[in-house]
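There are 2 protein chains.
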Amino acid sequence: MKVGILGGGQLARMIALAGYPLGIRFIFLDPSIGACATTLGSHLRGDYHDETLLADLAKRADVVTYEFENVPAKVAEFLTSNTQVYPSPKALAVAQDRLVEKDFLNELGIPTAPYEAVGNFDSLHAAMEKIGYPAILKTRTQGYDGKGQSILKSVTDLKSAWQKLEGLAAIVEGFVKFSREVSIIAVRSVSGELAFYPLSENVHKGGILRVSESRENDPMQAKAEDYATRLMIALDYVGVLALELFEVDGELIANEFAPRVHNSGHWTIEGAETSQFENHLRAILDLPLGSTAAVGYAAMVNFIGGKPENEEVLKIPNAHLHLYAKAARKGRKIAHATIHTKTLAELEPLKKRLIALANESDDS
Amino acid sequence: MKVGILGGGQLARMIALAGYPLGIRFIFLDPSIGACATTLGSHLRGDYHDETLLADLAKRADVVTYEFENVPAKVAEFLTSNTQVYPSPKALAVAQDRLVEKDFLNELGIPTAPYEAVGNFDSLHAAMEKIGYPAILKTRTQGYDGKGQSILKSVTDLKSAWQKLEGLAAIVEGFVKFSREVSIIAVRSVSGELAFYPLSENVHKGGILRVSESRENDPMQAKAEDYATRLMIALDYVGVLALELFEVDGELIANEFAPRVHNSGHWTIEGAETSQFENHLRAILDLPLGSTAAVGYAAMVNFIGGKPENEEVLKIPNAHLHLYAKAARKGRKIAHATIHTKTLAELEPLKKRLIALANESDDS
Numbered sequence: 103m104k105v106g107i108l109g110g111g112q113l114a115r116m117i118a119l120a121g122y123p124l125g126i127r128f129i130f131l132d133p134s135i136g137a138c139a140t141t142l143g144s145h146l147r148g149d150y151h152d153e154t155l156l157a158d159l160a161k162r163a164d165v166v167t168y169e170f171e172n173v174p175a176k177v178a179e180f181l182t183s184n185t186q187v188y189p190s191p192k193a194l195a196v197a198q199d200r201l202v203e204k205d206f207l208n209e210l211g212i213p214t215a216p217y218e219a220v221g222n223f224d225s226l227h228a229a230m231e232k233i234g235y236p237a238i239l240k241t242r243t244q245g246y247d248g249k250g251q252s253i254l255k256s257v258t259d260l261k262s263a264w265q266k267l268e269g270l271a272a273i274v275e276g277f278v279k280f281s282r283e284v285s286i287i288a289v290r291s292v293s294g295e296l297a298f299y300p301l302s303e304n305v306h307k308g309g310i311l312r313v314s315e316s317r318e319n320d321p322m323q324a325k326a327e328d329y330a331t332r333l334m335i336a337l338d339y340v341g342v343l344a345l346e347l348f349e350v351d352g353e354l355i356a357n358e359f360a361p362r363v364h365n366s367g368h369w370t371i372e373g374a375e376t377s378q379f380e381n382h383l384r385a386i387l388d389l390p391l392g393s394t395a396a397v398g399y400a401a402m403v404n405f406i407g408g409k410p411e412n413e414e415v416l417k418i419p420n421a422h423l424h425l426y427a428k429a430a431r432k433g434r435k436i437a438h439a440t441i442h443t444k445t446l447a448e449l450e451p452l453k454k455r456l457i458a459l460a461n462e463s464d465d466s
Numbered sequence: 103m104k105v106g107i108l109g110g111g112q113l114a115r116m117i118a119l120a121g122y123p124l125g126i127r128f129i130f131l132d133p134s135i136g137a138c139a140t141t142l143g144s145h146l147r148g149d150y151h152d153e154t155l156l157a158d159l160a161k162r163a164d165v166v167t168y169e170f171e172n173v174p175a176k177v178a179e180f181l182t183s184n185t186q187v188y189p190s191p192k193a194l195a196v197a198q199d200r201l202v203e204k205d206f207l208n209e210l211g212i213p214t215a216p217y218e219a220v221g222n223f224d225s226l227h228a229a230m231e232k233i234g235y236p237a238i239l240k241t242r243t244q245g246y247d248g249k250g251q252s253i254l255k256s257v258t259d260l261k262s263a264w265q266k267l268e269g270l271a272a273i274v275e276g277f278v279k280f281s282r283e284v285s286i287i288a289v290r291s292v293s294g295e296l297a298f299y300p301l302s303e304n305v306h307k308g309g310i311l312r313v314s315e316s317r318e319n320d321p322m323q324a325k326a327e328d329y330a331t332r333l334m335i336a337l338d339y340v341g342v343l344a345l346e347l348f349e350v351d352g353e354l355i356a357n358e359f360a361p362r363v364h365n366s367g368h369w370t371i372e373g374a375e376t377s378q379f380e381n382h383l384r385a386i387l388d389l390p391l392g393s394t395a396a397v398g399y400a401a402m403v404n405f406i407g408g409k410p411e412n413e414e415v416l417k418i419p420n421a422h423l424h425l426y427a428k429a430a431r432k433g434r435k436i437a438h439a440t441i442h443t444k445t446l447a448e449l450e451p452l453k454k455r456l457i458a459l460a461n462e463s464d465d466s
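Sequence lines, in order, name chains A and B. FYI, in the numbering used here the residues of the first sequence are 103 to 466. FYI, in the numbering used here the residues of the second sequence are 103 to 466.
Each hint should be verified, as a subset may be incorrect.
In this list, chains with the same sequence are indistinguishable; a pair is considered to hold if it fits within one copy or across any two.
[To be verified] Okay, derived cross-link-like pairs now, EDC-like style, lysine to aspartate or glutamate, Cα gap no bigger than 16 Å in a straight line: (1) K444 - E318; (2) K279 - E153; (3) K192 - E171; (4) K255 - E231; (5) K428 - D465; (6) K279 - D351; (7) K417 - D388; (8) K325 - E283.
The hints are simulated quantities; they were obtained by calculation from the structure and are not laboratory data.
Produce the entire structure from the sequences given, and follow the hints as far as they go.
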C-alpha cells in the first residue's frame with residue numbers, strides 16, 4: 103500500500119513513522135531539498151502546481167493526503183480526478199478561507215466569535231462599528247501561526263492594519279474573552295467510523311501553539327465531540343480533523359478547524375492508545391480505527407526557533423523527544439517533547455521543567 | 103548523529119523507527135536486496151566480511167551496533183579498530199558459543215542447566231552418562247530459533263543426532279523441567295547507567311518464540327535483575343541485553359543471553375514508557391536512559407510463516423500491528439502484534455483472540 107502526501111514536513115514525517123509498522127510506503131511531494139519527511143520514502147521534488155509531478159503522484163499512490171490545508175483548489179481537483187484523495191477537496195476549500203469556514207460552522211449550529219467580511223477600508227470601518235473594539239483583522243486565506251493578523255484596539259489602529267493586508271481579502275473577528283483554549287482531535291474513516299481523542303488544552307503565545315495537554319473526562323468533551331461530528335458529517339470527512347475551540351462562560355466557541363493531523367494532537371503519540379498519525383492512516387485506508395483512549399497523562403511542549411540539548415530534555419524523567427531534522431530558524435517549529443506520566447501529580451512538575459527548558463532556547 | 107547497524111532485518115527496522123524522533127540517521131550493512139530496514143536509511147549491500155564495506159561503514163557511522171550475535175570475531179575486531187562498536191566484541195564472543203557462554207554464566211554464579219562439551223561420538227556417550235536422559239544436543243555456534251538442536255530421549259537417539267551435527271562442535275544440556283520461561287530485557291549505557299524492564303513471560307513452540315507478556319512486580323524480578331547486572335558488569339556491556347531464563351522450583355536458571363534487542367522485548371513499544379529500541383540507542387549514544395516502567399499490560403504474539411489480514415488484527419480492540427515488510431516463508435517471523443490494555447482482566451480475552459488468529463495463519 104502506498105500513500106502519497108502533499109508536503110514533506112514534520113507532520114508528514116510523523117505520519118510516515120506511524121505508517122511503517124502497518125506496512126505502508128510513502129511518496130512525498132515537496133519543493134524543498136531535504137524536506138524532513140523525505141528520508142522515509144520517495145521524494146517527488148517540485149512545485150505543488152506541477153501537473154506532471156501531481157500525475158506521477160496520483161499514479162504511484164493508492165491514496166493521497168496532505169499535511170497542510172492551503173492546497174490550491176485546482177491541485178486538489180486534479181488529484182481527485184486521478185486518484186483517491188482524503189480528506190476531500192471540499193474540506194480544504196472550507197478550511198482555507200476564514201469567511202467560508204465561519205459561515206459553514208455557523209450554519210451547522212457551531213457558534214463562533216462575531217465576524218464581518220472586509221473588502222475595503224470603508225467596510226473595515228463599518229465592520230468595526232458592529233463588532234466593537236478590541237478585534238482581530240485576519241486575511242481570509244493563507245494565515246497560520248498568527249501570520250497575517252493584526253489586533254485592533256481602537257480606531258487609530260485601522261489604517262496601519264489595513265495597509266499591512268496589501269489588498270488581500272480579510273475578516274474582522276470580535277475578541278473572545280476565553281477562560282481557556284481547547285481542541286478536539288477527531289477522526290472518521292472511509293466507512294464512516296468515528297472516534298474522538300480526549301480534549302487537548304492548549305496554550306498559545308504570539309499566535310503559536312506552545313503547550314498542549316491531554317484532558318481525559320473534561321466537562322467540555324461531549325460538546326466538542328458534538329461539534330466535530332456535525333462538521334465531519336457535513337463535509338463527508340475522511341481522516342483526522344482538529345477543531346480549535348475557546349471556552350467562554352462554560353460554553354465552547356469554535357475558532358477554526360484544520361483538515362489534517364494537528365500540533366495539538368502530538369501528545370497522542372505517547373498519551374493515547376493509538377496516535378493521531380496512525381489513526382489518520384487507518385481512516386484513509388479504511389482500516390478499523392484504533393482506540394483513542396488516554397493512556398495516563400501527557401503534556402507536549404514545542405521547541406520554537408531553537409531547542410535545548412538532547413541530553414537536557416532526556417534527563418527529565420518521562421520526557422520523550424521528537425526532533426524534526428529541520429534547521430533552526432526564528433519562529434520555526436523544529437521539535438517537540440512530551441512528558442507522559444501515570445498520574446496528574448507526577449505530570450505537573452516535569453511539565454514545568456520542560457517548559458522552562460523550552461523557554462531558554464526559544465527564538466520566536 | 104549516524105548509527106551503523108550490521109543487519110537490516112526487523113530488529114534494525116524497529117531500532118531505526120525509534121531513532122528517527124531522536125534525530126538519528128542510519129546505515130545498514132546487509133547482503134540482501136530489499137532487507138526490510140533499508141528503506142529507513144542508507145544500504146551498504148554486501149557480505150559482512152567485505153572489508154571495503156566495513157571500512158565504509160566505520161567511516162560513515164559514529165557508532166556501530168548489530169541486530170544479531172553471530173557477527174564473526176574478525177569483523178567485530180576490524181570495526182572496533184576503526185570506530186566505536188557497542189556492545190563490545192567480547193559480548194559477541196561469549197554469546198555466540200554456547201560452551202563459552204555457559205562457562206561464563208556459571209563463573210558469575212548464574213546457574214544453568216547441567217551441560218557437557220561434545221567433540222566426538224565417544225564424548226557424546228560419556229556426556230550422556232553424566233547428564234542423563236532426556237537432554238538436548240546443540241551446536242556450540244550458529245543456532246537460533248531451535249535450529250541445529252536435537253532432543254535425546256534415549257541412547258537410541260544418539261547416532262542420528264550426532265550425524266545431524268555434521269562434525270560441528272556441540273554441547274549437551276540436561277532437560278530442565280521448568281514451570282515457565284521468562285526473560286529480562288536489561289540496558290546499560292556508555293556511562294554505566296543501568297535499567298531493567300519488567301520481566302517478560304514467554305511461550306515457545308518448536309524452538310520459536312510465540313507469545314511474550316509483560317510481568318510487572320513479578321516475584322522473580324529482583325533475581326533476574328541481579329543476574330543481568332552481573333553479566334553486564336562482567337562484559338562491560340553497553341546496549342540492550344536479553345537474558346532468557348527458566349523458572350524451576352522458585353529459582354531461575356539461565357538458558358542463554360542475546361547481546362541485542364530481543365523478540366521478547368517487542369511488547370515494550372506499547373507496554374513500557376520507553377521501548378527497548380529507543381533505550382538501546384540512548385545507551386550506545388550515552389544519552390540518559392528512558393524510564394523502563396510498565397505502562398499497563400501488554401502481550402505480544404508473533405506471526406510466523408504467514409499472517410492474518412491486517413483488518414482482522416486491527417479489528418481486535420487495543421491491537422497494534424507491526425509488519426516487517428518481509429515475504430512470507432515457512433517458519434519465518436514476518437510480523438507481530440501487541441495487545442495493550444489498562445488492566446490484566448481486559449488483556450486476557452483479547453490476547454486469546456490474537457493467538458487464535460495467529461494460529462490460523464501459522465506456517466512454522
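Status of the hints after comparison with the structure:
1. When the C-alpha separation of K444 and E318 is checked against a cutoff of 16 Å, the pair qualifies both within a copy, at 13 Å, and between copies, at 15 Å.
2. Taking the shortest alpha-carbon separations for K279 and E153, neither the intra-copy value of 45 Å nor the inter-copy value of 68 Å comes in at or below 16 Å.
3. In this assembly of identical chains, the alpha carbons of K192 and E171 lie at most 16 Å apart only when taken from the same copy (11 Å versus 54 Å across copies).
4. For a Cα distance limit of 16 Å, the shortest separation of K255 from E231 inside one copy, 13 Å, qualifies, whereas the shortest one across copies, 96 Å, does not.
5. For the identical chains of this complex, K428 and D465 are intra-copy neighbours only, at 15 Å inside a copy versus 44 Å across copies, given an alpha-carbon limit of 16 Å.
6. Within a single copy, K279 and D351 get their C-alpha atoms as close as 9 Å, which meets the 16 Å cut-off; across copies the closest is 67 Å, which misses it.
7. Proximity of K417 to D388 under the C-alpha cut-off of 16 Å is restricted to the inter-copy arrangement: shortest distance 12 Å between copies versus 40 Å within a copy.
8. Proximity of K325 to E283 under the C-alpha cut-off of 16 Å is restricted to the intra-copy arrangement: shortest distance 14 Å within a copy versus 49 Å between copies.
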